[in-house]
Each structure stands twice: as structure tokens, then as C-alpha cells.
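Number of protein chains: 2
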Amino acid sequence: MTVLSEFSLIQHYFEQLSTQRDDVLLGIGDDCALLQCPAQHVIAVSIDTLVENIHFFADVDPEHLGYKSLAVGLSDLAAMGAQPAWFTLALTLPEVNENWLKGFSQGLAKLAKKQNIQLVGGDTTRGPLTISIQVHGFVPAEKALRRSGAQVGDMIYVTGTLGDAGAALQLQLQKWNNVALNVEDKSYLRQRLEQPTPRLEIGQELAGLASAAIDISDGLLADLGHILDKSGVGARLDLAKLPLSLAMSKVDRKTAERFALQSGDDYELCFTVPPQYFSEIEQRFKDQCTLIGTITDDQGIYFIDDNDALIALKGTGYDHFPV
Amino acid sequence: MTVLSEFSLIQHYFEQLSTQRDDVLLGIGDDCALLQCPAQHVIAVSIDTLVENIHFFADVDPEHLGYKSLAVGLSDLAAMGAQPAWFTLALTLPEVNENWLKGFSQGLAKLAKKQNIQLVGGDTTRGPLTISIQVHGFVPAEKALRRSGAQVGDMIYVTGTLGDAGAALQLQLQKWNNVALNVEDKSYLRQRLEQPTPRLEIGQELAGLASAAIDISDGLLADLGHILDKSGVGARLDLAKLPLSLAMSKVDRKTAERFALQSGDDYELCFTVPPQYFSEIEQRFKDQCTLIGTITDDQGIYFIDDNDALIALKGTGYDHFPV
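These protein sequences, in sequence, are chains Y and Z. Per my numbering, the first sequence starts with residue 906, numbered consecutively. Per my numbering, the second sequence starts with residue 906, numbered consecutively.
Keep in mind that the hints were calculated from the coordinates and are not lab data. Among these hints, one or two may not hold up.
[Said to hold, decoys possible] Straight line, CA to CA, 30 Å or less: simulated DSSO-like cross-link-like pairs of lysine-lysine:
(1) K1135/Y / K1048/Y
(2) K1048/Z / K1191/Z
(3) K1018/Z / K1135/Y
(4) K1018/Y / K1135/Z
(5) K1091/Z / K1015/Z
(6) K1018/Y / K1007/Y
(7) K1048/Y / K1019/Y
(8) K1159/Y / K1091/Y
(9) K1007/Y / K1135/Z
(10) K1007/Z / K1135/Y
[Unchecked claim] Stretch-level coverage of chain Y by chain Z, calculated; a stretch enters the list once three of its residues show a Cβ under 8 Å from a Cβ in chain Z:
(11) 937-944
(12) 947-954
(13) 982-989
(14) 1017-1027
(15) 1033-1039
[As the list claims (entries may be wrong)] Which bits of chain Z does chain Y cover? Going by a derived footprint, with three or more residues having C-beta under 8 Å, they are:
(16) 941-952
(17) 1041-1049
Backbone N, C-alpha and C fix where the C-beta goes; we use that ideal spot for every residue, glycine too.
Sequences are here, hints too, so could you generate the full structure?
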């Protein structure tokens, strides 16, 4: 943030848009920002990069892109049960397009304001369009939702509905379509892809209740798989319980389930709950999450098929970087 | 950091290379890292991006690139008087080249180990080679070296020597050469460009002594200019005192001065010292820094020419992103 024109760029488009927080002693415009962490809390940090033509289409609405760039980071804070505080932006641009910058910064600002998170630093450079955002939040250390805490007998929940973003992506790529989906359905799905909702409120409320959590960026199977790996347990899923949106409910069930299990970008939370908190979760968050299975001592993920047989699931989530 | 193969990439090449710090409650491998800030300190953060063909040559030694990617961030911590603690890495790669990753991560690890800074998170994506690193350090809030504290009568110092990196860049671009420079000189200059020394030790010692500081990434004029702007003061420089390396001392003085004033990438510190600390600075840091001028109430930067006339300096530093 020391180059003259990058500084003026950031200053002009981003500085005034963000919330002002009391714990920011020094924000944009020095060698570093100076930030005050509250007592009895630890800082949760995560950095994510979005690259043109890999993570988003070149013609995406820049306002939606700005929103999503911050949303994916906030989703990581949600998955730790952390409260958002600050973010930094490393923006690589092929050219200075004021319309694009205006839209992008407005999309960022909209979500930043809503979640009371302040832009405290950044770097703007010339090059192929690449957006890296680091988010910072607070959480009491003992309440943080790690991936490693799931135990045999815990229930598995997910927030919202699954597969919407994945279906929208396949529709946009023209690799899939379904006659049951009307214009409104497709518009809804696209909105879920481009402007996902980071589940911060429920994430913070789950801190201290859930035994493990992750956000679903790469698909339920891949991300639940991380919880299982880190916790040394397995899972049994009831596919009939996978929560679908009204739009995806119109699609044949097998196809909708495949999206729900394997496609990414939903940014819902998957979390596990120990027996003593079942009833509390059901009472407090009934409308926000769905029970989809249980943690077992098997290796891997199994599900019950139409004939009530136990089948090992194959395949993992969507991978941005196949090697 | 939630995509399968990016995770294994980071894990394989980066995870084991870094120092392990007690204040990292949770490092790589969850939705967020969890970090503990010491009491009575604030967190200093800075993010910087290096883009291929903008900030480095495509054929640069990946070990030098890894080193430099972290060095530029550490230099920002040095300029705040902060002590390094953690860093994150957002790495966009066109392909998985194991030799490159090995060299890059070794260069990173070399400097990370030396400065006791731990890699706590990251994201690896496919795309044009782009490296964003965010550094995090600690400093007591009241001792942090801001750009805004310079006052009329303060002395202006710089660490090390100036213009070496800029000369090396012009040599590599074949836009400049000088017969006085032999192979060892050119090798020295290139080493200063590719492996600059973040001035962390003196930066931390200056915290509480210096009235303002900045690191010289864009050239002395541009970066000193930031101190002057933020502090609402001017400066008078004695060009004869600009510190030059042995190599640059062989070049005609006017050319060497131009590099020292206007070229970037030296990553030395420029700082100002109030009268009551002159003698302490001279005693403690005599071999590490050079007095080059004074803070005045003029606007802008003036220097004394060969005829002892006061001349306004024109032109600013090197700009990575001319608009």
C-alpha cells in the first residue's frame, strides 16, 4: 500500500465506504494497520483468493463480485463461530476501470456495513484480475468451532439449502439444464451462486454448542470429509433429508441430491452437535438448519439407499485446482 | 484453504517449514487460524502482492522470490517498529511445478525461521502467478512508528544504502549500464534487489525513539513524501550525504544520487528523530543509519545544490501502476 497511485485508488474507492470501528487504532494509509484485540478473545484469520475465469466469470456484475469476495471470507469466520472485525484486500487489476471499481467497492461495502467489518489495509497492483481478501474476527478460544471436535453419536446438521450454487454454475456453463426450472428459479439459483449468505449469526450462536463445524465451499462430501478426517470418525447420511430449495425441489431427486452432495459454493455451514445439545439446537435453530445424519465410528461416509442398504459414497467435492 | 488439492499442496510444501510459535492456537488446516495477541500490544498487519512480470522476472530464482515475498511484508512491520509473529500466503499458480514450489517454500522458510514468523494460513489457486502475503506483528500501541509524527526540527535518517535495487533492476532490463561496475558489483546489486534485508531489529529499537518512519519501497522521494504529507511538514536534504554502496560509489555521483532518490525496492527505513534523541541515535545506531537531512516547515522537499542554493526536488518515486 505504498505505491502512489494504488494508494489513491484504494483511498478513493474503498476508504470511505467501510464502517469505522473503535478497535482500529490506525487504518489504511500507513505501513501497517494497528488493531486492538479484545481481552479474553483470540483472533481468527482466513485468506481466500478469487481468480477470473476460475472462480468467477469475466462478465459477472462487479457489485456481486465485491459482495462474494468478502462473503467467502466471512463464511470462514462463521464456521469458527467468530465475530467479524477487519479485512484486508489485495486487488490485482488489468486496468483501471472506474465503473468496475465503483461497482466492486459498493458490493464490498454493502456486506461490510451489514457485518460491521472494516477495511484496514490493502495492496493494488497491475496484472490479471485476482482478488485476495483476508478476514479477521474474534472468538473466545475455548468456544471456537474447530473441525476436529466431532465425536461418535453426534448429530450432523447443515444450514440453509444445498446444491443451489452448483446448479447455477452448471446452468451458466450450459453443461446442464432442466425443463422444470422457470426464469425465477434460475434467477434465484444464480443469486445464491453470486451472493451467498455467510451464516455468521448462527455460527456465533453455535460457538460453545457445536462440537465441530466447517463451511461448505467445496461440496458437502468434501467438507464433511474434512471434519471426519480431523476428528477421526465417520458419518452416516440420510439422503432423503438433504435440504433443497424450492427451485431444486422441482428437479428429479437424484440430480438434486448429486448437486447437494458434490457441488460447491453454497457457503452453508455443516456442523456436529453432541447429544446434550440436541434439544437446544432443535428449539433455537429449527428454521435455520436441518438434521442430515450422525457421526459413526465407521471410516468414511455411508448413506442409506432406497432399499435401506448401507452404501459407501464415492467421489468428493468440486475441486478448483485438479492436479 | 478448503479445496482438497490446494490443501495438500500447502501442507506438503509449506506446513512443516515454518517455525512453531506458542501464540498460534490453531494453524493451517481449519476454516481459520486462531491467534493469541499478547497483552498491552496491538496487532500490526500489512498485505502485499507480487505479480509476475510486474514485480519480478519470470526467470527469477524461486528461492529468492520466496524470500523477497516475505521480506517486503516484514519491511512494513519494521517500519512500524513491530515484532513479527504470523503470516498468511495467497498463492496463485499457473501450474503445479514441484521444483518451483520447493525453491519458493525454501526461500520463504529461510527468512521465516530467521525472523520467528509462522505461516498460519493460505489459499492456493490456479491462475497467473501472483503472490499475496499478509504479515502480522505486535507493538505496544503508544510506541508504534506512524508516518504522521514528524515535526519541524527533527533529523531525517535512512538505514543501509540507497539505489542498489533500482540500479540492479535497470541493469537487468538492459536500460542502463556502467563500465565502472564489475561482475561482483553487479552480483551484489542483484542480491540487494532479489533478497532485500527487512530492517526489523533497528525498527523495533526505534519504536519509542523515532517520531515517524516508513520503509523505502518506492524510492526515497516518494516515501519520505508520505511522511511529509501525513505530518504536514517539509524536508531539506543534503544530497552529498545520501548513503551509497561500494558498488554505486563507483558510478558517477549524479547518476547514483538519482537512483538513491527515485528508484524503489531498497526496503531500507527512512525515519525522523526529535532533538532529544539525536545523541542516542548516533551512539546506538551509528553504523546502521545515515543522517541525510532535517524536517522543515517548507512545503515539499528541497536540497542544497553544488552552489549552496536551495532547489526544489522534482519527480517522485518509481510507480508500479502508472495511471
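We went through each hint and held it up to the structure:
1. For the suggested pair K1135/Y and K1048/Y, the alpha carbons sit about 17 Å apart, so the restraint of at most 30 Å is met.
2. Note on K1048/Z and K1191/Z: the hinted pairing holds, with a Cα-Cα distance of about 22 Å set against a maximum of 30 Å.
3. Among the hinted pairs, K1018/Z with K1135/Y is consistent with the structure: their alpha-carbon atoms are about 27 Å apart, no more than 30 Å.
4. At roughly 27 Å between alpha-carbon atoms, K1018/Y and K1135/Z fall within 30 Å of each other, so this suggested pair holds.
5. Proposed proximity of K1091/Z and K1015/Z is supported: the alpha carbons are some 24 Å apart, at most 30 Å.
6. Restraint check: the Cα-Cα separation between K1018/Y and K1007/Y comes to about 16 Å, which is no more than 30 Å; the hinted pair holds.
7. At most 30 Å may separate the alpha-carbon atoms for a hinted pair to count; K1048/Y and K1019/Y meet this at roughly 24 Å.
8. Simply put, K1159/Y and K1091/Y have alpha-carbon atoms about 19 Å apart, close enough for the 30 Å limit, and the pair holds.
9. With a CA separation close to 26 Å, the supplied pair K1007/Y and K1135/Z stays within the 30 Å bound.
10. Pair hint K1007/Z plus K1135/Y holds up; C-alpha atoms about 26 Å apart against a cutoff of 30 Å.
11. Taking a C-beta to C-beta cut-off of 8 Å, the segment 937-944 of chain Y contributes 7 residues in contact with chain Z, enough for the three needed, and the coverage statement holds.
12. Chain Z is given as covering the segment 947-954 of chain Y, and this holds because 8 residues of the stretch bring a CB closer than 8 Å to a CB of that chain, at least three being needed.
13. Residue count for the segment 982-989 of chain Y with a Cβ under 8 Å from a Cβ of chain Z: 4. That meets the three needed, and the coverage hint holds.
14. Interface restraint, the segment 1017-1027 of chain Y with chain Z: holds (3 residues with C-beta to C-beta distance below 8 Å; minimum three).
15. Coverage of the segment 1033-1039 of chain Y by chain Z holds. Counting CB-CB distances below 8 Å, 4 residues qualify, and the rule asks for three or more.
16. Judged by the Cβ-Cβ criterion of 8 Å, the segment 941-952 of chain Z is covered by chain Y as claimed, because 9 of its residues qualify and three suffice.
17. Residues of the segment 1041-1049 of chain Z lying with their CB closer than 8 Å to a CB of chain Y number 5, which satisfies the three-residue condition for coverage.
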